[in-house]
Amino acid sequence: GENVEQHPSTLSVQEGDSAVIKCTYSDSASNYFPWYKQELGKRPQLIIDIRSNVGEKKDQRIAVTLNKTAKHFSLHITETQPEDSAVYFCAASQPLSGTYKYIFGTGTRLKVLA
Amino acid sequence: NAGVTQTPKFQVLKTGQSMTLQCAQDMNHNSMYWYRQDPGMGLRLIYYSASEGTTDKGEVPNGYNVSRLNKREFSLRLESAAPSQTSVYFCASRGGSGETQYFGPGTRLLVL
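These protein sequence lines map, in sequence, to chains E and A.
Each position in the first sequence, counted from 1, maps to that position plus 426 in our numbering.
Each position in the second sequence, counted from 1, maps to that position plus 29 in our numbering.
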């Protein structure tokens with residue numbers, strides 16, 4: 427079955443610097459890759475996603491890149507701010523039994539230091 | 030729209046007790062999911078329902094049962110709770126042609 431590895435598990439950056447979180451997946455059938463932000467005690471919230479027919483997608487300070495050949499995808503946050511501090515999860519999704527199945531990475535705790 | 034709602038928000042059980050976690054969505058989504066979230070392990074799929082009347086096992090189904098009561102509601106039942114089931118449980122839904130999942134606020138469960 428699908429397996430998603432996420433690195434690093436924790437990441438500390440100075441305010442204004444960039445942060446990069448990387449994920450790898452194992453199943454080439456996966457074709458949709460969302461990223462979620464989860465603040466303490468809250469639900470995961472989708473922040474950006476990418477489909478397998480696209481190599482890069484950007485939304486203001488957040489971007490995601492996908493390398494299908496290497497089965498890698500990454501989240502890039504530029505000009506980090508204290509409110510970016512949270513746990514970030516990647517996921518790989520594929521069609522299954524009339525719906526989509528999602529496998530999540532183990533999360534990255536991002537701390538933005540003021 | 031309330032989106033995805035879950036009840037209760039927090040529950041304490043003794044080992045061997047049973048309980049049902051409730052989930053409802055008002056987005057007319059066909060697919061619904063139950064996950065558990067443990068520290069350092071991300072979100073793991075317990076059960077999912079592709080559409081009303083169907084349910085399937087996910088990665089960690091042992092000790093749980095589910096019911097897709099109708100299109101809106103998807104419940105998760107613990108028949109005999111164990112301390113290993115202490116976790117935060119999230120319900121999610123997905124609908125239409127999109128792949129985006131929407132999560133509920135979670136239920137924090139403590140089994141003593």
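If you're looking for bench data, these hints aren't it; they were derived computationally from the structure.
One or more of the hints may lead you astray.
Stated by the list, open to error - If you anchor each label on the Cβ, the simulated ranges turn out as follows:
1) K494/E / P112/A: 20 to 26 Å
2) G524/E / V41/A: 34 to 40 Å
3) N429/E / D85/A: 33 to 39 Å
Said to hold, decoys possible - Subject to a maximum C-alpha distance of 30 Å in a straight line, what follows is the list of computed BS3-like cross-link-like pairs (lysine-lysine):
4) K494/E / K483/E
5) K43/A / K537/E
6) K484/E / K463/E
7) K448/E / K43/A
8) K468/E / K448/E
9) K537/E / K448/E
10) K463/E / K38/A
11) K497/E / K483/E
12) K494/E / K484/E
13) K468/E / K86/A
14) K448/E / K484/E
15) K100/A / K468/E
16) K494/E / K86/A
17) K497/E / K537/E
18) K38/A / K497/E
19) K483/E / K448/E
20) K468/E / K483/E
21) K463/E / K483/E
22) K86/A / K100/A
23) K537/E / K468/E
24) K86/A / K38/A
25) K463/E / K537/E
26) K448/E / K497/E
27) K463/E / K86/A
28) K463/E / K448/E
29) K537/E / K494/E
30) K448/E / K494/E
31) K484/E / K468/E
32) K86/A / K43/A
33) K484/E / K497/E
34) K86/A / K537/E
35) K100/A / K463/E
36) K468/E / K43/A
Heads up, the beta-carbon is just placed ideally off N, CA and C, and yes, glycines get one too.
Hints and how they fare:
1. Taking 20 to 26 Å as the suggested C-beta distance range, the pair K494/E and P112/A does not conform, at roughly 42 Å.
2. Judged by the Cβ atoms, the range 34 to 40 Å given for G524/E and V41/A holds: they are separated by roughly 37 Å.
3. About 19 Å separates the C-beta atoms of N429/E and D85/A, a value inconsistent with the hinted range of 33 to 39 Å.
4. A threshold of 30 Å between alpha carbons decides the hint, and for K494/E with K483/E the separation of about 14 Å falls inside it, so the pair holds.
5. Pair hint K43/A plus K537/E does not hold up; C-alpha atoms about 36 Å apart against a cutoff of 30 Å.
6. Between K484/E and K463/E, the direct Cα distance comes to roughly 16 Å. Compliance with the 30 Å bound is thereby established for this hinted pair.
7. For the suggested pair K448/E and K43/A, the alpha carbons sit about 40 Å apart, so the restraint of at most 30 Å is broken.
8. As the CA atoms of K468/E and K448/E are separated by approximately 23 Å, the hinted pair is consistent with the 30 Å bound.
9. Among the hinted pairs, K537/E with K448/E is consistent with the structure: their alpha-carbon atoms are about 16 Å apart, no more than 30 Å.
10. Our distance criterion of 30 Å between C-alpha atoms is met by K463/E and K38/A, whose separation comes to about 20 Å.
11. The hinted pair formed by K497/E and K483/E meets the criterion: a straight-line CA distance of about 16 Å does not exceed 30 Å.
12. With a C-alpha separation of about 18 Å, the suggested pair K494/E and K484/E falls inside the 30 Å cut-off, and the hint holds.
13. A threshold of 30 Å between alpha carbons decides the hint, and for K468/E with K86/A the separation of about 26 Å falls inside it, so the pair holds.
14. About 16 Å separates the Cα atoms of K448/E and K484/E, which keeps this hinted pair within 30 Å; it holds.
15. Taking the CA atoms of K100/A and K468/E, the gap is near 25 Å; set against the 30 Å cutoff, the hint holds.
16. Distance hint between K494/E and K86/A is fulfilled; the C-alpha atoms sit about 28 Å from each other, no more than 30 Å.
17. Of the pairs offered as hints, the one joining K497/E and K537/E holds, with about 27 Å between alpha carbons and a cut-off of 30 Å not exceeded.
18. Annotation: proposed proximity of K38/A to K497/E is violated, straight-line Cα distance about 37 Å (limit 30 Å).
19. Between the alpha carbons of K483/E and K448/E the distance comes to roughly 15 Å, so the proposed pair stays at or under 30 Å and holds.
20. Distance check on the hinted pair: K468/E and K483/E sit about 26 Å apart at the alpha-carbon level, within 30 Å; holds.
21. Annotation: proposed proximity of K463/E to K483/E holds, straight-line Cα distance about 17 Å (limit 30 Å).
22. For the proposed pair K86/A and K100/A, the alpha carbon gap of about 18 Å is at most 30 Å, so the pair holds.
23. With a CA separation close to 17 Å, the supplied pair K537/E and K468/E stays within the 30 Å bound.
24. The suggested pairing of K86/A with K38/A holds, with an alpha-carbon distance near 24 Å, which does not exceed 30 Å.
25. For the suggested pair K463/E and K537/E, the alpha carbons sit about 13 Å apart, so the restraint of at most 30 Å is met.
26. With a CA separation close to 11 Å, the supplied pair K448/E and K497/E stays within the 30 Å bound.
27. As the CA atoms of K463/E and K86/A are separated by approximately 26 Å, the hinted pair is consistent with the 30 Å bound.
28. Taken as a hint, the K463/E and K448/E pair is honoured in the structure, with Cα atoms around 14 Å apart against an allowance of 30 Å.
29. Taking the CA atoms of K537/E and K494/E, the gap is near 29 Å; set against the 30 Å cutoff, the hint holds.
30. Straight-line distance between C-alpha atoms of K448/E and K494/E comes to about 14 Å, which keeps the hinted pair within the 30 Å bound.
31. For the hint linking K484/E to K468/E, the alpha-carbon distance of about 25 Å falls within 30 Å, and the restraint holds.
32. Taking the CA atoms of K86/A and K43/A, the gap is near 25 Å; set against the 30 Å cutoff, the hint holds.
33. Restraint check for K484/E and K497/E: satisfied, since their Cα atoms lie roughly 19 Å apart, inside the 30 Å limit.
34. Between K86/A and K537/E the CA atoms are separated by roughly 35 Å; this puts the pair beyond 30 Å, and the hint is violated.
35. A C-alpha spacing of about 28 Å is found between K100/A and K463/E, which places the hinted pair at or below 30 Å, so the restraint holds.
36. As the CA atoms of K468/E and K43/A are separated by approximately 25 Å, the hinted pair is consistent with the 30 Å bound.
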